[in-house]
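Generate coordinates for the entire structure from the input sequences, incorporating the hints supplied.
Under the working numbering, residue 77 is the last one in the sequence shown; the count climbs by one each step, no gaps.
Just so you know, the hints here were simulated from the structure itself, not pulled from any lab data.
Glycine residues also receive a C-beta, built at the ideal position from the N, C-alpha and C atoms.
Some clues are possibly wrong.
Said to hold, decoys possible - DEER-style ranges, computed between Cβ atoms: (1) K31 with F62: 29 to 35 Å; (2) G28 with A56: 17 to 23 Å; (3) L43 with R73: 44 to 50 Å; (4) Y69 with S27: 35 to 41 Å.
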Amino acid sequence: MHRASHDMFYFFSYIFSGFFFQKKIISGILKMAKSEFFLHFTLIHLLNLLFYFFFALVFDLFLYSILLYTSFRFKLF
Numbered sequence: 001m002h003r004a005s006h007d008m009f010y011f012f013s014y015i016f017s018g019f020f021f022q023k024k025i026i027s028g029i030l031k032m033a034k035s036e037f038f039l040h041f042t043l044i045h046l047l048n049l050l051f052y053f054f055f056a057l058v059f060d061l062f063l064y065s066i067l068l069y070t071s072f073r074f075k076l077f
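Put into structure tokens, the structure is as follows:
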């Protein structure tokens, strides 16, 4: 059980670090967007980044739930 909580800590720190990295990318894109030429592309990239981040979050949760299930089922940890 201690090992599982340890893994959960690393998993959530990984998610939050990914989230903050994503915010840095978005703020960099917004700085570029001050020139009007980049504005249209920026909105598209912003939507893409948000979509891919949400998809990656859901996919990671799905994979991690499978990992936890198999580890408790077969007592790997």
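| said: Please list, smallest to largest, the hint numbers that this structure does not respect. | reply: Structure breaks no hint.
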